[in-house]
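Engineer: Sequence:
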Amino acid sequence: MYQRIVESVLDHRLPPGTRLTEDKLSSLFGVSRTRIKPILVRLANEKIVTLTHNRGASVSNPTRQESIEVFETRRLIEPVLLKRFMERAQAEDIAYLSNNISQDRQAQEQGHRHRAIGLTGEFHLYIASHAQHDTLNRLMHELVTRTCLILMAWGSKDKVLRKEHAACGCQEHRQLLDAIRLRDVKIAQELMVAHLHTIESQLNFSPVTENEFEIEQLLQD
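Residue numbers for the sequence shown follow my numbering, beginning at 821 and rising by one.
Check before you lean on any hint, since a few could be wrong.
[Unchecked claim] Straight line, CA to CA, 20 Å or less: simulated EDC-like cross-link-like pairs of lysine to aspartate or glutamate: (1) Lys-867 with Glu-827; (2) Lys-867 with Glu-1020; (3) Lys-867 with Glu-889; (4) Lys-903 with Glu-1010; (5) Lys-903 with Glu-929; (6) Lys-903 with Asp-998; (7) Lys-903 with Glu-886; (8) Lys-903 with Asp-913; (9) Lys-1006 with Glu-907; (10) Lys-857 with Glu-827; (11) Lys-1006 with Glu-992; (12) Lys-844 with Glu-827; (13) Lys-903 with Asp-954; (14) Lys-867 with Glu-842; (15) Lys-857 with Asp-843; (16) Lys-903 with Asp-831.
Just so you know, the hints here were simulated from the structure itself, not pulled from any lab data. All of these numbers come straight from a predicted model, not from anything done at the bench.
Work out the full structure: start from the sequences and follow the hints.
Structural biologist: This is how it looks when you write it as structure tokens:
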């Protein structure tokens, strides 16, 4: 249940503000409400879900300040994880990242936006999970999920939907992979920081109209 909800956020299929009622979740997953509550508490601790008295749970809607803090934190820890990853990376790790970029580009070209979004996050998570730093790796999983919420809440829709814009992420990942292949830690770290700055610069903190979404979107392909 936890993984299903997180994956739906990562794939941009479960937008901020979506209500997660215990009754609907219980019915959706075929479990009792007593099993739902601990999952919601865990998600709330990770800032993915917001628990409100008399209203229940809903997918968190990050504020402007929270969004800025998430990107500041990512720029602090991802260069560290990247350096550790590059010190340990084997041929199969390079091949995995290369394949990830190819799949991402293919998904974009075929119009499979949710798939492409998931692959983009997977690129960063693979580096974190193979850097052999358990504490920062756990933090990165939370930050990447919260980044997806931020992009859904504040991302510029016209830019996100343009194919030439969507390809930029693949291009920046490819440049980063080239630096990893060359074992040039300094350049790789600079590229990572610039990449995160680019993503943050595309946020638009103007007020938007909130839409209601149903939890059944968890089952969408």
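Engineer: Now tell me, hint by hint, if it's right for this structure.
Structural biologist: These are the hints, each one checked on the structure:
The straight-line distance between the Cα atoms of Lys-867 and Glu-827 is roughly 15 Å, inside the 20 Å bound, and the hint therefore holds. Among the hinted pairs, Lys-867 with Glu-1020 is consistent with the structure: their alpha-carbon atoms are about 19 Å apart, no more than 20 Å. The straight-line distance between the Cα atoms of Lys-867 and Glu-889 is roughly 13 Å, inside the 20 Å bound, and the hint therefore holds. Between Lys-903 and Glu-1010, the direct Cα distance comes to roughly 11 Å. Compliance with the 20 Å bound is thereby established for this hinted pair.
Restraint check: the Cα-Cα separation between Lys-903 and Glu-929 comes to about 31 Å, which exceeds 20 Å; the hinted pair is violated. With a C-alpha separation of about 14 Å, the suggested pair Lys-903 and Asp-998 falls inside the 20 Å cut-off, and the hint holds. Straight-line distance between C-alpha atoms of Lys-903 and Glu-886 comes to about 26 Å, which puts the hinted pair past the 20 Å bound. Distance hint between Lys-903 and Asp-913 is fulfilled; the C-alpha atoms sit about 14 Å from each other, no more than 20 Å.
Between the alpha carbons of Lys-1006 and Glu-907 the distance comes to roughly 13 Å, so the proposed pair stays at or under 20 Å and holds. For the hint pairing Lys-857 with Glu-827, the CA-to-CA distance comes to about 19 Å; that is within 20 Å, so the pair holds. Distance hint between Lys-1006 and Glu-992 is fulfilled; the C-alpha atoms sit about 16 Å from each other, no more than 20 Å. The straight-line distance between the Cα atoms of Lys-844 and Glu-827 is roughly 18 Å, inside the 20 Å bound, and the hint therefore holds.
The hinted pair formed by Lys-903 and Asp-954 meets the criterion: a straight-line CA distance of about 15 Å does not exceed 20 Å. Taking the CA atoms of Lys-867 and Glu-842, the gap is near 18 Å; set against the 20 Å cutoff, the hint holds. A C-alpha spacing of about 11 Å is found between Lys-857 and Asp-843, which places the hinted pair at or below 20 Å, so the restraint holds. Between the alpha carbons of Lys-903 and Asp-831 the distance comes to roughly 27 Å, so the proposed pair goes past 20 Å and is violated.
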